[in-house]
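Undergrad: Sequence:
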Amino acid sequence: MTEKAFTPGAAICPSCGTRYLRDQPWKRVCLDCYLRNKDKTAPTARYAVTPASIDQAMLRRLVQLCHPDRHGNSEAANIATSWLLELKHG
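Count along the sequence shown starting at 1, add 10, and that's the number in this note's numbering.
Honestly, I wouldn't trust all of these hints.
What the hints assert, rightly or not - The list that follows gives simulated cross-link-like pairs (lysine-lysine, BS3-like), each with its CA atoms no further than 30 Å apart:
| hint | residue 1 | residue 2 |
| --- | --- | --- |
| 1 | 48 | 37 |
| 2 | 48 | 14 |
| 3 | 37 | 14 |
| 4 | 37 | 50 |
FYI, nobody ran anything at the bench for these hints, they're computed from the structure.
With these hints in hand, go ahead and build the complete structure from the sequences.
TA: Pasting the structure below:
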(Lines of atoms letter the chains of each structure in order from A; the text may use other names.)
(Lines give C-alpha, C1' and ligand atoms only; values in the text may rest on other atoms or scores of the structure.)
Protein backbone atom coordinates (compact mmCIF):
# COMPACT_ATOMS: atom_id res chain seq x y z
CA MET A 11 0.00 0.00 0.00
CA THR A 12 1.42 3.37 -0.94
CA GLU A 13 0.67 6.54 0.94
CA LYS A 14 -0.01 9.68 -1.00
CA ALA A 15 2.41 12.56 -0.50
CA PHE A 16 1.58 15.06 2.20
CA THR A 17 0.48 18.51 1.08
CA PRO A 18 0.28 21.24 3.73
CA GLY A 19 -2.88 23.30 3.82
CA ALA A 20 -6.30 23.77 5.34
CA ALA A 21 -7.92 20.67 6.79
CA ILE A 22 -11.11 19.82 8.63
CA CYS A 23 -10.80 18.26 12.07
CA PRO A 24 -12.47 14.83 12.05
CA SER A 25 -13.40 15.23 15.74
CA CYS A 26 -15.16 18.59 15.76
CA GLY A 27 -15.38 19.76 12.15
CA THR A 28 -13.30 22.91 12.70
CA ARG A 29 -10.98 24.08 9.94
CA TYR A 30 -7.32 24.17 10.94
CA LEU A 31 -3.92 24.50 9.28
CA ARG A 32 -2.36 21.10 8.79
CA ASP A 33 1.24 22.03 8.18
CA GLN A 34 2.74 18.72 9.33
CA PRO A 35 1.75 15.19 8.31
CA TRP A 36 1.36 14.09 11.94
CA LYS A 37 -1.28 16.75 12.67
CA ARG A 38 -4.53 14.78 12.41
CA VAL A 39 -6.87 16.96 14.52
CA CYS A 40 -7.16 20.66 15.43
CA LEU A 41 -5.21 22.02 18.39
CA ASP A 42 -8.26 22.22 20.68
CA CYS A 43 -9.14 18.55 20.09
CA TYR A 44 -5.51 17.53 20.46
CA LEU A 45 -5.21 19.25 23.84
CA ARG A 46 -8.55 17.88 25.01
CA ASN A 47 -7.54 14.31 24.04
CA LYS A 48 -4.02 14.70 25.40
CA ASP A 49 -5.38 15.09 28.94
CA LYS A 50 -7.38 11.87 28.53
CA THR A 51 -4.44 9.84 27.26
CA ALA A 52 -1.83 11.14 29.71
CA PRO A 53 -0.37 8.29 31.74
CA THR A 54 -1.67 8.05 35.28
CA ALA A 55 -0.11 6.41 38.29
CA ARG A 56 -1.25 2.83 38.75
CA TYR A 57 -0.39 2.76 42.40
CA ALA A 58 -0.68 5.29 45.16
CA VAL A 59 2.73 6.49 46.23
CA THR A 60 3.27 6.43 49.96
CA PRO A 61 6.42 7.50 51.74
CA ALA A 62 8.56 4.70 53.08
CA SER A 63 8.12 4.15 56.76
CA ILE A 64 11.10 4.01 59.08
CA ASP A 65 10.69 2.18 62.35
CA GLN A 66 11.06 4.37 65.44
CA ALA A 67 14.27 2.73 66.66
CA MET A 68 16.00 3.36 63.31
CA LEU A 69 14.66 6.90 63.19
CA ARG A 70 16.11 7.56 66.66
CA ARG A 71 19.52 6.24 65.51
CA LEU A 72 19.45 8.43 62.42
CA VAL A 73 18.66 11.54 64.46
CA GLN A 74 21.53 10.71 66.82
CA LEU A 75 23.93 10.18 63.92
CA CYS A 76 23.16 13.40 62.07
CA HIS A 77 22.42 15.67 65.04
CA PRO A 78 23.94 19.17 64.67
CA ASP A 79 25.84 18.79 67.96
CA ARG A 80 27.90 16.04 66.30
CA HIS A 81 28.57 18.07 63.15
CA GLY A 82 29.59 21.53 64.33
CA ASN A 83 26.02 22.83 64.06
CA SER A 84 26.28 22.64 60.26
CA GLU A 85 23.37 23.72 58.10
CA ALA A 86 23.17 20.26 56.51
CA ALA A 87 22.92 18.59 59.92
CA ASN A 88 20.21 21.03 61.01
CA ILE A 89 18.15 20.44 57.86
CA ALA A 90 18.52 16.65 58.03
CA THR A 91 17.67 16.52 61.73
CA SER A 92 14.62 18.75 61.25
CA TRP A 93 13.40 16.50 58.45
CA LEU A 94 13.90 13.36 60.53
CA LEU A 95 12.11 14.90 63.52
CA GLU A 96 9.16 15.78 61.27
CA LEU A 97 8.98 12.11 60.30
CA LYS A 98 9.19 11.09 63.93
CA HIS A 99 6.44 13.42 65.14
CA GLY A 100 4.25 13.07 62.08
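Undergrad: Are there hints from earlier that the structure breaks, and if so, what are their numbers?
TA: none
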